[in-house]
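Starting from two chains that each stand alone, build the complex the way the hints lay out.
Protein chains in written order, with my numbering: chain F, 4 to 195; chain R, 3 to 443.
Heads up, some of the hints might be wrong.
DSSO-like, lysine-lysine: derived pairs with alpha carbons at most 30 Å apart [to be verified]:
hint: 1; chain 1: R; residue 1: K325; chain 2: R; residue 2: K291
hint: 2; chain 1: F; residue 1: K186; chain 2: R; residue 2: K406
hint: 3; chain 1: R; residue 1: K265; chain 2: R; residue 2: K309
hint: 4; chain 1: F; residue 1: K186; chain 2: R; residue 2: K181
hint: 5; chain 1: R; residue 1: K309; chain 2: F; residue 2: K186
Hints listed in this document are in silico derivations from the structure and should not be mistaken for laboratory results.
Chain residues, written in single-letter form:
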Amino acid sequence: MRLTKIVLTGLLLGSLTACTTMPGVDGASTDDRRTSDAGLLDRNQQSADEGVEVLSLSDSQGLEGETLIQGEIGDLLADEAIREFSPVIYFGYDQFAIDEDSMQTLKYYANQMLENPRLLLSLEGHTDERGSPSYNLALGEKRAKSAAEVMMLYGVNSDRITVISFGEEQPAELGHDESAWDKNRRVELRFN
Amino acid sequence: MKSVFQIKKSLITLLFFSLGLIPHVVQANLVIEISEGYENALPIAVIPFQVEGSTSIPEDISAIVSHNLRRSGRFSPLDKNVLPSRPTQVEDIIFEQWRSKDVDHLIMGHITPRPNGLYDVEMRLVDVLRRKQVIGKRWRDVPRQQLRQVAHQMSDEIYLELTGIPGAFNTRLAYVTMKVRGDERHYTLEVSDSDGHNPQPLLRSKMPIMSPSWSPDGRKLAYVSFETGRSNVVVQNLDGSNREVLADFPGINSAPSWSPDGKSLAITLSKDGNADVFIMNLQTKALRKVTRHWAIETEAAWSIDGKSLYFNSDRRGQPQIFKMELDSGNVTRISFQGNYNANPETSPNGRYLAMVHSNNGFNVGLLDLYTNEFNVLTDAFLGESPSFAPNSDMIVYAMNRNNKGQLAVVSVDGRASQILSVEDGQVREPAWGPYRVQPNK
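In isolation and in its complexed conformation, chain R is listed as follows (with noise of 0.2 Å):
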């Protein structure tokens, strides 16, 4: 069974870089459909928040919270429609109803429009079996245009309360989509909530954009533009201050990826030869060279400690990956599952790598580093691309379905999935972004 939810979003094109590319196109929208969870999901109770007054609220704000919950996999939110009631006050709950629901959790709130235009947003969650209040939260005066982060930062606090783990629901994706008008390609890089709603342009461009990656802190996006008819590795930041191309040596420019400190990212030049993998000091530009091999050696990804990388490396024929430990320039072979392992990617909480993986057919595989158990967590045609979401606790990945480039959402455990698209075009390379606000453990 899977349900759809079509978004429907009035376009906010905050950043818009005059590149002279392309005029203004209307933004498309990302469609999610939910795959049903994995059969333990707990049932919880979202009942609609109320609304003070008589105006109307213009984000449905227990709705929100009501997908995310069932997006991730491990909650099975109640239909609205068959509440036994809908309380609005703790001492209203009625506890034995619930309990014959098998719900263990409810979640509550109030709305409250204030004069100026602004709202005040309330939230409780209610563990049916103590009776008691475990989360009570207010936010006052929020704009209109942030209610629905608002969603999902009570979506991220009731996750952290009920599973142990920060919900990554504040979070935003980066992507790019690809449409095909005539004899032209437009290619555009977007941010969107981690939802897909709200996604906003911050490069378009009738070349390829490849390869995003989000600084540690949130602010940059590094990426590959072929704007000048070849690969550059360009920085720009979110809010319009700056954007800078990095690299445009001759031959490749590619992969970028941030060392967790922000102070340098690891790129792919193929300047000397053949492709390799540096080091740039992004305070003083200085390029370190840390491959040197005749073979294909690309797609960095920093251990969490910054102080090896793992790449892709053709040395033995095929992709494999490889890790670098940078004091010393030891390199060990890592994956040994199938006959093509590339892009690895390593999970914000260092316990697993997750790779493109092929044995037969592109899936995401994931190495758990501890144990050194691998396992391939997708059935994807055409999968590649993996994003971990900032919890460690989600992937977001491209593949291919119904002859169109989609991205998915699948749980490190597999046991959840999602899928993204845009309705008209292809939409590619995700990348997963850091956390917002950094979570209280």
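The following block holds chain F by itself, in its conformation from the complex (with noise of 0.2 Å):
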């Protein structure tokens, strides 16, 4: 964690993120963006491990954004992070509950989201080959907003939240056993 807050402190060169670890500061708040939107904001590294963070004005019309590639987090994290969390999360046979494993994935990107303000999530739902397309279509609308829901929890503004339902349309694995369609119940979370 520390790790990549570091990396992507260092990368959004100072956007803000280091308020979401003050005491009492709650998700991506507004005041935030508007102050951004008006000028570079600096932070001093040194005092993050105090929650306290002084952060002072520099001199800057603005920064040149770098587009993403739609379905990359692109440079915002780093590959460590993503090792230890990839983006997506599984579930059982016509089942739309996360399981505990997934509420770990996606407390992990909410906090990512908390602390990037300016990074929107789209959650894919995706079900196996089985049984009747348009149903599947549903069910993998209702696994990624159980998955929004969760975001939601940790604090993730509804607004920075799109959920897709692709149903089996999109398998991850193209075969047709037990183990292809245990890897396509699933929703993918995209940032841009």
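Structure follows, in structure tokens:
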């Protein structure tokens, strides 16, 4: 976590990510966004561990944003972090309940979003190929919505989350057996 | 014993909507494989049609008729190499020759190419026992590209005469093919003849296409396209005159089903939070919410009187079929066998409800609404998406075999089956179109 945060902070060049580590500061506050729109904020990294951060305005007209390729988190997350929690959660047959492992994954990415108020999340729900395609489209949406609810419980504003279902139409694995089906019953987290 | 007919047909791209999605791809032909029909298939003789003059005819009409009768499962046409004779006139028939082969009916005909490039086609159905012609019919000025259709039309008449059921050979199928090219998936919505010939693309996309549904007049298809990145319900005229996005609400937009009068479309939307069935008035686009439940409610199918909707709901945990009377809002459960019943489809004669049924594996189940008798019709891997022929006699469905999505056809009594596949790729989501010519009953 620590490593990731530093990498993130560095990349975003101080877009107020550090604020979220302050006690009592919750979520991606709109005040933060307003401030960062007005100019570049810098932070004092040394004081991060105390939970209090001294922020100062630096003189800049704004930053050049990098376009991220859809479906990739780009450079925002370190490889180590992705290895720790790959941005996908899996489900049991005909289930849309979030299991313990998935909760960990979602909590991790919810924190990333709280620390990076500009990140937007698209949750893509998928099912395995068994059963009726139109029912599966609805089931995929239910899975993605379950994931969205968890993200919201962890403090992510619903405005930042888009839910899409592909049902059984876009399998991750093309096989037709249990191991392929296990990998296809999933929600993918895509950031942009 | 199985036989395979490879279809070789040049591509006719009548309708290609330039959505800028992918460039032209050579059309895949459907391959038909006919499993042997039931044991009581009636022997019948289809004499190769006599061609007047020396021109060669681009379509083998008698072979098309013979294949049609064979794949119905009700008839067993004699191999043309063992025919005792090839009479071309009713007067030339030696009836004893055919009686000894157990053949009760003969089909014969003429094709006359005309100087203007058109053809006259004549067909006679002869009853061997009664020694008389029971159908005699001539089609005049048939263009070359409609010779196959004429063969299907004559098959329909013969089928009606011999079984009492109007044939559904002169009809079409809509379906979706998917091909993997490198990292890309290419989806095509196609329409073919009922025997898989003449596939024509209606939509190509790199994003999924689902759930084609025919308008009752056979001029339009409603379907689900993900071309915008998410599910939308689109209606498209087959003649290319119009294409319209009907539903692009937040959430899913899916499972279109035309009302019998063609004026409304039942669809599934989750714009209010979770999947529910709505009815859209196609003239005003007004929406009426039909189901209101926290569970998934989807896959509506109209009763033939248009007064009720069958739909799938998992309000009891797993999907089961329910029926709602639209006037009263009364809901009753319809499916009780097995732990999963989804995607109800009503037969055009109102007698049957087909569904995706699971009790271990997925197959097509058939509920007789008159007797409440339930049968599992297929023994397939991943059977789904059943759709009735307009004569209610056959059902086309999707399944998986040899690691490929394929279509199969089964008769409602389970006696006959055939398989349609594309050589390279998957084929799914079949929808059998309505009659192109209303039969005289």
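These are the hints, each one checked on the structure:
| no. | hint | verdict |
| --- | --- | --- |
| 1 | K325/R - K291/R | holds, 15 Å |
| 2 | K186/F - K406/R | holds, 19 Å |
| 3 | K265/R - K309/R | holds, 13 Å |
| 4 | K186/F - K181/R | holds, 21 Å |
| 5 | K309/R - K186/F | violated, 42 Å |
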